[in-house]
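One letter stands for each residue in the lines below.
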Amino acid sequence: MSKQANLILIKLLLLNLFLFSACSTSGPIFGKHPQTRVFEDFVLLKTVRGDTFSSLASTYLKDPDKGWLIADFNGITTLTPGQELIIPLSPLNKGGLKADGYQTVPILVYYNFSENKSDKMSVSKDDFGIQMNYLKVNGYHVISLDQLLDFIDYKEQLPEKSIVITFDDAWGSIYDIALPILIKYGFTATFFIYTDFIGGGKALTWDQIKRLSKQGFDIQCQTKTHRNLAALKKNESFKEYFTSVETEIIYPKKLIERTLNKDCKYLAYPYGETNNLIIAILKKHGYRAAFTIGRKPTSFFVDKYRINRSVIYGNYDIEQFKRELSVFQKNELK
Amino acid sequence: MKKLITIFLPFIILSFFQGFTDPVDSFGDSGDKFSKKISEKTLGDESIFQPSYYLSKSKMFERIDELQLALFYMKIAGALSPDNPEISEKMSDLKSKIDIKSGDSFEKGRKFYNQNRFEEARIQFLTALRYKPDHDSAIDYLKNNLIPKEYILYSPKKDDSLKSISEKFYKDPGLDFLITYFNDLGTDAEPVPGQPLKLPVLEPDFNQTAIDIRQKIIAAKDFLEKKRYQEVVDLTDKILKNDRSNKVAIDLRNEAFYQAGTRLSHQEKHFEALNMFNKITPGYKNIDKAIQDAIHKEFLKAELLLKENKYEASIQLAEKILSHDPSNRATKDLINTAHCQHGRSLLIRKKYAEALKILDETDPVNDCADKIRSAVQKAITSQAESHYLRGVKYFLNEELQNAIKEWEKTLELNPSHDKAKKNIKNAKSLLEKLKKVN
Chain C
961 MSKQANLILI KLLLLNLFLF SACSTSGPIF GKHPQTRVFE DFVLLKTVRG DTFSSLASTY
1021 LKDPDKGWLI ADFNGITTLT PGQELIIPLS PLNKGGLKAD GYQTVPILVY YNFSENKSDK
1081 MSVSKDDFGI QMNYLKVNGY HVISLDQLLD FIDYKEQLPE KSIVITFDDA WGSIYDIALP
1141 ILIKYGFTAT FFIYTDFIGG GKALTWDQIK RLSKQGFDIQ CQTKTHRNLA ALKKNESFKE
1201 YFTSVETEII YPKKLIERTL NKDCKYLAYP YGETNNLIIA ILKKHGYRAA FTIGRKPTSF
1261 FVDKYRINRS VIYGNYDIEQ FKRELSVFQK NELK
Chain V
351 MKKLITIFLP FIILSFFQGF TDPVDSFGDS GDKFSKKISE KTLGDESIFQ PSYYLSKSKM
411 FERIDELQLA LFYMKIAGAL SPDNPEISEK MSDLKSKIDI KSGDSFEKGR KFYNQNRFEE
471 ARIQFLTALR YKPDHDSAID YLKNNLIPKE YILYSPKKDD SLKSISEKFY KDPGLDFLIT
531 YFNDLGTDAE PVPGQPLKLP VLEPDFNQTA IDIRQKIIAA KDFLEKKRYQ EVVDLTDKIL
591 KNDRSNKVAI DLRNEAFYQA GTRLSHQEKH FEALNMFNKI TPGYKNIDKA IQDAIHKEFL
651 KAELLLKENK YEASIQLAEK ILSHDPSNRA TKDLINTAHC QHGRSLLIRK KYAEALKILD
711 ETDPVNDCAD KIRSAVQKAI TSQAESHYLR GVKYFLNEEL QNAIKEWEKT LELNPSHDKA
771 KKNIKNAKSL LEKLKKVN
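Residue numbers (our numbering), protein chains in the order written: chain C, 961 to 1294; chain V, 351 to 788.
The set of hints was computed from the structure by calculation and includes no laboratory data. A hint or two may mislead.
[What the hints assert, rightly or not] Coverage of chain C stretches by chain V, computed from C-beta distances (three or more under 8 Å per stretch; other residues unrestricted): (1) 1046-1053; (2) 1188-1202; (3) 1274-1284.
Note that the structure is predicted; figures quoted are calculated from it, not measured. Note that the Cβ used here is the ideal one computed from N, Cα and C, for glycine as well.
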């Protein structure tokens, strides 16, 4: 055999060793399960000690965050060794449709926070803690806006009890009061900021926003100056109005993207007000969705540029909070 | 080196061919066949993963109308037992059931949509999608047609300019900048005939189209007051074409149909009234009661016709009622009674064949029809026998031609009357012999 052939063979051997080692790192298809049957659409297996929904999802769905899919499908909340499980390998119900209705996703919006006393527009630290604890204890999955939009675009299934948390206006109290509680419960959230407010007296600073973004929180846009996008100002011509709202939409998007190096693709309408012209501008400039204020639940067939969010007011008690958490709309689908 | 090759070559080849394909990469539809088994490892307890368990789960989901879950579990049973023809057949049944149910719901949805009954349309499209999650047309209606558009598409005509289009659409030539902006055109661009332009629909405060809508609504209200219902409907249809969720227009349209229907009802034109009522959004005013009243009044007419023994007219009317209200039990009963009484009347008039034909149109489990049918059969047998005996008498009187005629009548009524058949044969043979003798 020539020297060159030897060299090729050695390279093949190295490649082979690399492939073997790659397999052992990521785990073989069976994982550690002695009883497994893997088909194109599903996996059947018997659980063993040490299994978690997340580990199973990681092995079989290639995504540890999809453990809920296994839990929801099998109708269980805990795992015990020896349990027979079915793992569907593709989403079976992207729209969350059932014979008696369809899935809805509550989207909460908070404004300001206070240490002790609450008023209508500001939630106290204790109340926020109680509300987040309620979500955790009762098995709600706090999802991101990207996950929500994948659901709305009929691409992905969501956990049955999914919920979105958002904050408007960029009050500094969010950082001091709400953030530690969100971190404590491991919840993600989206902060809609209007950029002219940033760095002002009681507002978040850009440094804080950068830190939030680095921690994985989502920073999105709530215009430049918080003007009502749906109404002409006194003595404003239509042309002036158009130029003004276009700036409100384009400027903060560019600023956020440049500052944080992340996409800004969602907008929260100041005062929840919008109109067709604003939506047309948003679409032209690549916004994926936009959010208003209202209590109509969000289903997958919602208008993406008029997505409702429920305001959580400071004077809500836990019962009022619970009423904003509807995850299913009854309606016979037969 | 040769030694090395001998040792490692089989491993190299094996590692390339053992397949690194990941079964979980694909999230696509599995297609029509059983799910392909990719790998298997069952050690120890062999009792797990029994097809019968998944089969019973499938049946349970089918019972509660969760057909996709039923199909999924059936696929598992099929994958575990790929040679079972029963599972294969059941899977194919389930798939056709899914197709039928999703197709029916989709068609209902489209019908509602075309009638501007958008909420009901949405529910039907969702139902179609629940049965068949990849129903592309249902998705399209839900995600596109049922979501209001922020712009309309305008196809420029010859001689159109951006300013003239702006004037036509916004009642202001100065808003042509909106057209250039949303269609990425230069300021001096000219529209190209046949190349559609996006024109954003503006809101009331600065939207001439909305002002037009308001004017149309005022005109429609005026027509309604003057009871010119057709004009109300024409105007509101135009409004709803641009703004399909306009509640005022929907209410005006409903009211026009309601008043027109009520007027027709007062003129005893109940079916024409029903045609009006059926165009109204369910739940509007007391529309259900108005529909039921109109149907009941026509039912009373059908009942009266029956009392007057005008069976055919009564049945015809009742069938018309059923075309508006297919589940109306009283009307179905009335049709059965009419058929039955008609059958009895034909029996009395000895029109047995007609009677049987009428009775065949009744409900198969109708007692009355059964009784009449058996009386008709009895009468036929008795009449056949009477012809037979008359034939015998003729025969004995050596009137062979008349005898044959009577037996033939017997056979008409009772084709299985063997004696009549035999006697005809004998009589004809005798007649032949007599002819030869003479």
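Results of checking the hints against the structure:
no. : hint      : in the structure
1   : 1046-1053 : holds (count 7)
2   : 1188-1202 : holds (count 7)
3   : 1274-1284 : violated (count 0)
The structure fails to meet hint 3 from the earlier list, while all remaining hints are met.
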